[in-house]
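Undergrad: Work the whole structure out from these sequences, hints included.
Following the working numbering, the numbering of the sequence shown begins with 702 at its first residue and continues without gaps.
These are computed hints drawn from the structure, not numbers from a lab. Ideal Cβ placement from N, Cα and C applies to all residues, glycine included. Be aware that a few hints might be false.
Quick list of simulated restraints, FRET-style, between CB atoms [said to hold, decoys possible]:
#  : residue 1 : residue 2 : range
1  : 1033      : 813       : 37 to 45 angstroms
2  : 839       : 992       : 39 to 47 angstroms
3  : 737       : 902       : 50 to 58 angstroms
4  : 934       : 726       : 18 to 26 angstroms
5  : 982       : 1043      : 52 to 60 angstroms
6  : 875       : 737       : 42 to 50 angstroms
7  : 820       : 907       : 18 to 26 angstroms
8  : 737       : 838       : 52 to 60 angstroms
9  : 871       : 1043      : 46 to 54 angstroms
10 : 758       : 737       : 19 to 27 angstroms
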Amino acid sequence: MTIKQHHTIPPVHSQLPDTAQPSSSWLIRRQQKFNLLLPGIVAALIVAASAAFLSEHYGAPVMLMALLLGMALGFLSEEGRAVAGIRFTSSTILRGGVALLGMRITVEQILSLGGTLMAVVIGAVFLTISFGIILSRLLGQSRDFGILSGGSVGICGASAALAISAVLPQDKDSERNIIFTVISVTALSTIAMIAYPPIAQWLGLDAHQAGIFLGATIHDVAQVVGAGYSMSQDTGDTATVVKLLRVAMLVPIVFSLSLLLRKRGDGGPRPALPLPLFIIFFVLFVAINSSGIASTQVQALAGDVSRWCLVTAIAALGMKTSLKALLEVGWRPATLLVSETLFLATIILFAVKWLG
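TA: What follows is the structure, given as structure tokens:
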């Protein structure tokens, strides 16, 4: 008699590693996060595009337009589907835009200025930040606001303000101070673009000296280019390279601030890296641009992406800012920023005359 033996055969899927489920779960989580962020990102992009349109057709500073339009839509950041995306845009996309600024700079451009001029420009940046810290305390403002305002005036205006704010401790006044600084340096930079070329001519500066003066004092890159090339090709070229040296100062300044704030021990969370990741990428992009690997088209594309990231981030910051809170800032912060601007211009003029 044949006895039939029955064996239970386990299901095939139990013998195989379940790799499909975690992968699918990860994709679902990514999709959910994307869906959560998308409305706010799109809202900020629409504001940025509107600001770019106004800037191109009416000559208004694009950063200022993005801020003002964003503030008019502040209700979007209070509640609703756009809140998470607006927060993401004002932080992560902002850092991406700052990192891509590195594609504007090469080491060769900076070294072409010469040791003496480099020392003057670098020294002026540090002196302006130090002056801002001291004056901010005398005016009853926080040290961090002095660093923020001094760095934005000394380095590269709104972009520097955004980069520095990313490593400063956050409090209830942080966003208001950032927005006020961006508005102020943009306005002051526009005034300087109009006023500084006639001042340079009145002082009898030659093309090279005028380029140094404009590049080392005007806050935003666009206004430096506008002022420089309104005088001459040589003045514009010199002003642009000097300005790029100031932009490159983002790296040591933000690195130094990161180290100092880690040692301050204010109880806030400390980053795992002493240097923020977006600054590491900034240095990497400078290295790529300096190596000649990137084509002119890639450089132009990176510049456009950086510009759009920054304008979109500014729009998101505007949405998060209360106009009422901004109006409560008072005269002291405005006095601080104007004083820092005049201080920087005075230092550079003396240096230009001294260098001959």
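Undergrad: Against this structure, judge whether each hint is valid.
TA: Hints, one by one, checked against the model:
1. For the pair residue 1033 and residue 813, the supplied restraint of 37 to 45 angstroms holds, since their beta-carbon distance comes to about 40 angstroms.
2. Checked against the hint of 39 to 47 angstroms, the C-beta distance between residue 839 and residue 992 comes to roughly 46 angstroms, which is consistent with it.
3. Checked against the given bound of 50 to 58 angstroms, the beta carbons of residue 737 and residue 902, roughly 55 angstroms apart, stay inside it.
4. At roughly 59 angstroms, the beta carbons of residue 934 and residue 726 sit outside the given window of 18 to 26 angstroms.
5. A C-beta distance of roughly 34 angstroms is found between residue 982 and residue 1043, which places it outside the suggested range of 52 to 60 angstroms.
6. A hinted range of 42 to 50 angstroms for the beta carbons of residue 875 and residue 737 is inconsistent with their spacing of about 24 angstroms.
7. Range check, residue 820 to residue 907: about 21 angstroms between beta-carbon atoms, so the 18 to 26 angstroms window is met.
8. At about 42 angstroms, the beta-carbon gap between residue 737 and residue 838 misses the expected band of 52 to 60 angstroms.
9. Restraint check, residue 871 to residue 1043: a C-beta distance of roughly 30 angstroms breaks the suggested window 46 to 54 angstroms.
10. As the Cβ distance of residue 758 to residue 737 is approximately 34 angstroms, the hint placing it in 19 to 27 angstroms is violated.
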